[in-house]
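J.: Chains as they are written, first to last, in this note's numbering: chain A, 1269 to 1706; chain B, 25 to 325.
To be clear, the hints were calculated from the coordinates, so they are not data collected in a lab. Certain hints may be false.
Covered stretches of chain A, as calculated for chain B (at least 3 residues, CB under 8 Å) [as the list claims (entries may be wrong)]:
#1 1312 to 1319
#2 1348 to 1361
#3 1512 to 1523
One-sided excerpt, in silico: chain A residues whose CB lies under 8 Å from chain B [as the list claims (entries may be wrong)]:
#4 Q1337
#5 K1338
#6 Q1339
#7 A1340
#8 S1341
#9 N1526
#10 G1528
#11 S1545
#12 S1546
#13 P1548
#14 S1575
Glycine is no exception: its CB is placed at the ideal position from the N, C-alpha and C atoms.
If you want the building blocks of each chain, they are given just below.
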Amino acid sequence: MHRRLALATAATLCGALALTACGSSGSGSDAAGPAAGPVKLTFWSWTPNMDKVAAIWNAAHPDIQVSVQKQASGDDLVTKTITAAKAGNAPDLLQAEYQALPTLVSNDVLADIAKQTAGTKDRFAAGVWQQVTLGSDAVYAVPEDTAPLALYYRQDLFQQYGLKVPTTWAEFADAARQLKQKDPAKALTTFSANDSGLFAGLAQQAGAKWWTSSGETWKVGIDDAAGKKVADFWGGLVKEGAIDNQPMYTPAWSKALNDGSQIAWVSAVWAPGVFTSSAPDTKGKWAIAPLPQWNAGESVTGSWGGSTTGVTTGAAKAGHADAAAQFATWLNTDPEAVAALVKEAGIYPAATAAQSGGALAAAPEFFANQPDFYTQAAAIAKNTAPAAWGPNVNVAYSTFKDAFGKAAQEKGDFSAALTAMQQATVADLKKNGFKTEG
Amino acid sequence: MSTTLTDRRRTAPAPGTTPGDAVAPPRRTAWIPTLVLLLGAVYCLIPILWVVMASTKSSGELFTTFTFAPGSGLLDNLAELSHYRDGVYWQWMANSALYAGAGALLSAALSGVTGYALAKYRFRGRTAIFNILLAGVLMPPITLAVPQYLLMAQAGLADSYWSVLLPSIVSPYGIYLARIYAAAAIPDEVVEAARVDGAKEFRLFRSVALPMMVPGLVTVFLFQFVAIWNNFLLPYIMLGDDHKFPVTVGLYSLLQQGANAPALYTLVITGALLSVIPLILLFVGLQRFWRIDLLSGAVKS
């Protein structure tokens, strides 16, 4: 009877505490350790075909073997990485978007690789490099790709409606009104409250500095004059009905691009890929032009997306920082590696030398009508305004979706939505123990 | 659906006879319930129809043709999905089958012995254990994913097959169901009789109790299989190596490839359609063991 009872209890206890009691087998998190033989590095990346690019490295470097573990990109990955790092399980190398860097650094996920990357600074545009240093002497990642903003427009339909390709935002607004007048069923473009990154890029172009830090203190400038100018401009267009107010990346939006109900798109240099899948019938009808400017004669742009390769503190602790930084530098500056990234993954490289010629000599297939596509893109990319990211971009972005989503649907007050975004961001910084100013 | 099944069993207890054969007074058709059920069926089936139709479309047709009109790209989609990164999709399906199959089997076994012990033995702390389990039923598994990850990491098991399997094996709900079922389906007299005949406890469980519990355990198996197959957060947090991903996490990584690579909608939709097929087959195959009134039984006792 006693034995039976003990068995039954054990079975149940095991059920209740399975993980702690029955699952553990000792051994710390870093069981492998640097033994003799090649250094083995893991690399979390969402770039398609990154494993093929890493294979080139692995063939040439038998002593440092990189294995790519493909992840889903986005804010969830940042959370997953931070959790993994807290548990001592982060990968050695990490792909991260520019705006995620401050979050990752403040959570002690990324190691400072300034020592290992000395001399790579000149390979990148100053505004890009500044984003991986966070304005300090440290270097937290090597830029992989950038995404300067440009204006895409339907050449055929602009001609048909007698529209001039806008060079300033005032002309852009005029073009939107003219089109509405000539054909009320069409819209120049839409304001999408789902795409915080695009709005951030447009604010960058206007000169906004959303986060700045001095010492330990953060200053949030989301609703500064530049941000207000951008918000009011788009809010005004939505309010008077000159452009659409529905989000991008929906089936309805794809249809509108495909059947010509929307004839322009403010987007980044990666747009050809989206056109190919969303608007296949319009192949050869679009063209790229510089982003409209606030002051005539200027040529500044913002960016929408782009990512970097970082080395984790976990790799540094295991003594792999040098090997990992060597790979990160190779991946993003070596001509063969960058060419492979362009060809296999379709990225727009951050390394300035790779932005024209080589793998980018020919225009994307979708833009066969514009043979100098990448020459134009490189010219646009040259003057990318620096971005200033802070440790809680995710909060600012999710407030953007809520506040601007509501304002866009109601055709309401965009600058009030911007203020809401500012307040939520500051409140969250304070709540998480950051010092804030203003 | 549950009412029709229980009704059928009550009116036609003998297997093999259809309810239509039972001699019953002719009934008027109840229009309102039928209509409500039809609406419910349409509500459930429309999304499935959407997936089926969308999976036949090529990426050019996906957003441009009428939603419920079939496209022309099903075979291309299947071929493309199979070739994507050297067939990693099928690896994900195999992983899902392993996690869900082994996990549900072990979970049913564990639930079976635990439920039987809780139902048929009197020992100190039994009520306490059962109450703790009940609290576990109320706890949404999502809240446990991160703590489980930290524990697994400490045990050195994170990013391994075990990290997804082990948490899937323990299902408080399964144990709860098995206990209720064992209490109702195994008469104490039978247990006593077997003991009098000299059966040892394990023999008694294996040869007498277990066969009586099979329908209940099949229910636990199905519940758990579906839960593991559809689980996203646990494997998402636990696994870094994309060759260990189940199909849910794998398909998600096709959707989120960064801005410069468009989401592979057609592949994801086709993959989602294929991933439902094993579940359908499982339900059809195990239907005869399936006792939907187990749930109402829990209330009755």
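J.: A separate judgement is required for each hint: does it hold in the structure or not?
T.: Against the structure, the hints come out as follows:
no.: 1; hint: 1312 to 1319; result: holds (count 5)
no.: 2; hint: 1348 to 1361; result: holds (count 8)
no.: 3; hint: 1512 to 1523; result: holds (count 3)
no.: 4; hint: Q1337; result: 5 Å, holds
no.: 5; hint: K1338; result: 4 Å, holds
no.: 6; hint: Q1339; result: 6 Å, holds
no.: 7; hint: A1340; result: 4 Å, holds
no.: 8; hint: S1341; result: 5 Å, holds
no.: 9; hint: N1526; result: 5 Å, holds
no.: 10; hint: G1528; result: 12 Å, violated
no.: 11; hint: S1545; result: 4 Å, holds
no.: 12; hint: S1546; result: 7 Å, holds
no.: 13; hint: P1548; result: 4 Å, holds
no.: 14; hint: S1575; result: 7 Å, holds
In this structure, only the earlier hint numbered 10 is contradicted, and the remaining ones agree with it.
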